[in-house]
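Asks: Chains A and B, in that order, give the protein sequences.
Mapping of the first sequence onto this note's numbering: residues 1 to 530, in sequence order.
Mapping of the second sequence onto this note's numbering: residues 1 to 248, in sequence order.
Read the hints as simulated data drawn from the structure, not as lab findings.
On a predicted model such as this, the values are computed, not experimentally measured, just so you know.
One or more hints might be untrue.
Stated by the list, open to error - If you want a taste of the chain B side facing chain A, the calculated C-beta under 8 Å gives, among others: (1) 49; (2) 50; (3) 65; (4) 70; (5) 71; (6) 72; (7) 74; (8) 140.
For every residue, glycine included, the Cβ atom is placed at its ideal position computed from N, Cα and C.
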Amino acid sequence: MGGPLVYLLSTLHDCDQVLQRIGDLYLLQEAGEETTEDSCLDTFDWRLFNQGIFLNRKGIHCTLLNSTGEELYSGGGGRKQNRFWWEFPDTVLQELLRELIDIRALLVQFTVSTSRKTWAILNKDEKTVLRLTLVNIEATRGHEQFHLMPALLVEPLKGYKKPQKKVCDLLEAAGLERYADTYTPLSELHKLAAIDPAENDSKFTVNLMREASAAQSVKDIGLVLVAAMQRNLQGTLDDIDSEFLHDLRVSVRRSRTLLSLMKKWLPAEDVHRFQAEFKWVGTVTGAVRDLDVYLLKRTDFKEILPEELQPGLDCFFQDLIRQRKRKLRTLREQLRSERFTALLTEWEQFLQYLPERGIYSEGENVCYAIAEDVIRKRFRRILRHGGAITPSTPDEKLHELRIEGKKFRYLLEFYRSLFQDEAVESYLKQMKKLQNNLGDFNDYSVQKNMLIQKLTSLRSDAPQAIETAAALGGLIVHLGEHQQLVRTRFEKTFQEFATEENIELLEGICTGTAGEAIASGASSIESDPV
Amino acid sequence: MKIFAVYSSKGGVGKTAAAVNLSYSARESGHRVLLCDLDAQGAASYYFRVKPAKNFNGKKFLGGGLAKFIRASDYENLDLLPAHFSFRNLDLALGKIEGVKRRQALRKLFETLAEDYDVLIMDCPPNMTLLSENILLAADSVVTPVIPTTLSLVALKQLLKMFRKVGAKEKRLNAFFSMVEPRKTMHKDMVSKFRNYEIFRESQISYLAEIEKMGLYRKPVGAVSLSSPAAQQYKQLWLELWDRSNRT
Chain A
1 MGGPLVYLLS TLHDCDQVLQ RIGDLYLLQE AGEETTEDSC LDTFDWRLFN
51 QGIFLNRKGI HCTLLNSTGE ELYSGGGGRK QNRFWWEFPD TVLQELLREL
101 IDIRALLVQF TVSTSRKTWA ILNKDEKTVL RLTLVNIEAT RGHEQFHLMP
151 ALLVEPLKGY KKPQKKVCDL LEAAGLERYA DTYTPLSELH KLAAIDPAEN
201 DSKFTVNLMR EASAAQSVKD IGLVLVAAMQ RNLQGTLDDI DSEFLHDLRV
251 SVRRSRTLLS LMKKWLPAED VHRFQAEFKW VGTVTGAVRD LDVYLLKRTD
301 FKEILPEELQ PGLDCFFQDL IRQRKRKLRT LREQLRSERF TALLTEWEQF
351 LQYLPERGIY SEGENVCYAI AEDVIRKRFR RILRHGGAIT PSTPDEKLHE
401 LRIEGKKFRY LLEFYRSLFQ DEAVESYLKQ MKKLQNNLGD FNDYSVQKNM
451 LIQKLTSLRS DAPQAIETAA ALGGLIVHLG EHQQLVRTRF EKTFQEFATE
501 ENIELLEGIC TGTAGEAIAS GASSIESDPV
Chain B
1 MKIFAVYSSK GGVGKTAAAV NLSYSARESG HRVLLCDLDA QGAASYYFRV
51 KPAKNFNGKK FLGGGLAKFI RASDYENLDL LPAHFSFRNL DLALGKIEGV
101 KRRQALRKLF ETLAEDYDVL IMDCPPNMTL LSENILLAAD SVVTPVIPTT
151 LSLVALKQLL KMFRKVGAKE KRLNAFFSMV EPRKTMHKDM VSKFRNYEIF
201 RESQISYLAE IEKMGLYRKP VGAVSLSSPA AQQYKQLWLE LWDRSNRT
C-alpha cells in the first residue's frame, strides 16, 4: 500500500466543515491526538536532505528516515548533543551517518512541533476503512518562526478502495487540491524559510553569457566566490566543522586563480592589490587547515601503524589539538579584523562596478574568445611541462605541475558554461586522474616532511618521547614508501592523460567541434570543489 | 515468512480465538502478519469485522493472486484474508488438482506472499480432509489447542496419526492446553499428566470471560486491554511458539 494522500488546507478551507461532509457519508471516530517536539538535524550543506534522508532527535532518541518514511535507524543518540558521526554512541548509526555526512557536523536546522489528530472512518460494521490525519506543524529556526499550512492526510487501507475514492472526491469537490509530489514537511519549511538546500553546496556553479565581456565574466565568477566566502565565514569562526574553513580557503584560492588567469584583461593595480590580500588570507588560514588535515587523518594514521606503536600517536595528536586551539584564536582575530572585512567589501564592490569601468578597454573583449585562448595556452603548458618530467626530475617540478593543473581545472570550471557541458565534464574526469596522482604525491610529501620536522624537534625529555618517536618513525617510513609508489606511477598516468584523444577532446571543446557550443544564453553547470 | 496453522479436528477448542489473538500478539512483537481465515464459518473474519470482496470465492483463492483479496485490519501490520462461504468446498476443489501437486497446493499459494509478510497464521476448519493435509504440509508450525479432556486428547492422537500419514515432521507440532479451568479436577489431572510431553508447550490459555467477550467487542483481547490476563497469556504463547519455530 502506498503512503498517504496529502491535501493542504489553506485559510480558505474550513476543516470542520470538510469533516462534517465526510461524517454525512461514514461514521467518523476520533482515533487519537498527539503533539511531538523534535529537532531536525542536518549538515550546513543539507547532505542528508539532498540524499533524501531525514534525521530527527527527540530528547536522546534519534530516528533516521528515508524519503518514503522507512526507518533506517531508531534508537538512542546519547545524552550529548553529538555533532559528528563518530560522536554517536551506537555503531549502527555511526556507520549510516559516516556514509551520509562524512566529516561534516550536524546542526539543529529546525525545531519542529507537530500536532496530529486522527480520525478513523468506519463502515456499517464499524470496521475502519480509511484514516484521516490532520497535521499542524510549527517550526523555529534561530529567532524565526514558521507555521506550515495544515495538511490532511488520507491513509488508504488495503482492500478498501471505494471509501478512499469517495472521500478523495469529496475533498476535491470542497476545493482541496491533492499535493502532487511526495509531501515532506522539511521541503515545505525550506520554501517558507527561503532556503535553497543546494545553495550551500561547495560545488562551483555559474552561468555565463557567451557574448559577455571579460570584465562581466570576472564579475559573475568572482561574485559566486565572494558569496561562498561569506557563507562559510560564520561557520569558520564558530568552528562548527573543518569544511567551513576548507571551503572558505577554496573560494579564496579560486579568486586568486581568477585574478592571475585574467590579469591581462583587468586593471593591473587592483589585480596586484587583491592578489596580495588574498595571498594574505591564504597564509593566515593555512595553519589551522594544515592541522585539520592531520586531525582528520587520525584514524587512518592509527590504522597504518602496528598496535604496539599506536599509543605513541596519542601524544602527537594531543599536541596537535593544543596547537590548533592556539592557531584558531589567531585565525579568528584575523578573520574579524578590519583588513579582512574591508577586503571582502572592497572586492565585492570592485566586481560589481568592473564591467562599467571605461578606462580598461581590454575588459571589453568577448570572454568566450579569451577563455578559449587561455584554455588552449594553459593546456599546452601542462603538456610541455608534464612531458618533460622523467624519473630523475626533482620533486619540485611535480609540485609545480600540480599547481598548474589545479589552475587549469579552475579555469575550465569557471568557463564551462560557454562550452559543451558533456565534453568539459568528460575532460575533467580525465584530468582528475592526473590530479589525483599529483595530489597524492604532494600529500605524502607534505605529511612526511611535517612528521620529520616534528621528529627532529622532539625533546628527549618530553613525556612519552620514545613512544611518540617510534610512532612518527613508523608513519614516516610508510608515507615515504607510498610517495615513491605514486611517483613511479606518474609517467603512466601522464601518458594516459596526454593521449591524442584527450588533446583532440580539448581542441574540440575550444573550437566547438566536441559538440555544438551553447549558441546563446546560459546553461547550468556544476563542478567538484578541490 | 513463517507459516503457523492453528488446527484441530475437534470443534470448540479455541482455535479461532487462538488464531486471532496470536496474530495480534505477533504484530505487537513487530512482525508483519497475515491472518488467513480458511474456515468457511468466517469467525476470525467476523472478529475483525472484515468481509470478503464480493468477487472472492474458493475457486479464486486456489487460482492464485491472493494478494488482491487481502484486506487491512484495524491494526497496523495485521492484514486478513477473509473466509468465504465457498471455502466449505475447498476440499472438492483440491481433489481436482492432479497428482503430487494436490497436497502442496496451499504451500505454493503462500509462497507468493513471502515478501510481504513475516508471519502467516491460518485459522483452520475442524475436519480431517485433503485441505487438512495441505495445511499440515504448508505450515512450519502446526499449533493445536487441547482442552484438558479425554476427547481432546483423542483428537490429538488422530492428528499425530495424520502427521505420520502425510510425512510431516512431528517436531513441527505444538500443542497447548486451552480453556483450562484449574478448579476442575479433571483439567488439573490431565494437565499434570501431559504437560511434560515433548509436543506440549508450557504456555496455557485459561478459560476466561474476556476471551468469550471477543464476540461482543469484535476485537482481539489485546486490543481491548493489552495488560489483561488473556492478552498476557496469548503473548506468552506467541513468544514461545515464535522462539520454537526459529529453533526447529
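Asks: State for each hint whether it applies.
Replies: Going down the list of hints, with the structure as the test:
Annotation: interface hint on residue 49 of chain B holds; nearest CB of chain A at approximately 4 Å, less than 8 Å. Checking residue 50 of chain B against chain A by beta carbon gives a least distance of about 6 Å; that is within 8 Å, so the hint holds. Annotation: interface hint on residue 65 of chain B violated; nearest CB of chain A at approximately 14 Å, more than 8 Å. Because the smallest distance between the Cβ of residue 70 of chain B and any Cβ of chain A comes to about 6 Å, under 8 Å, the interface hint for this residue holds.
Among the interface hints, the one on residue 71 of chain B holds; its C-beta lies about 3 Å from the nearest C-beta in chain A, closer than the 8 Å criterion. A least Cβ separation of about 4 Å between residue 72 of chain B and chain A falls short of the 8 Å threshold, and the interface hint therefore holds. Interface hint at residue 74 of chain B: satisfied, since its Cβ lies 4 Å from the closest Cβ of chain A, which is below the 8 Å cut-off. The interface hint given for residue 140 of chain B is violated, since its Cβ lies 24 Å from the closest Cβ of chain A, which is over the 8 Å cut-off.
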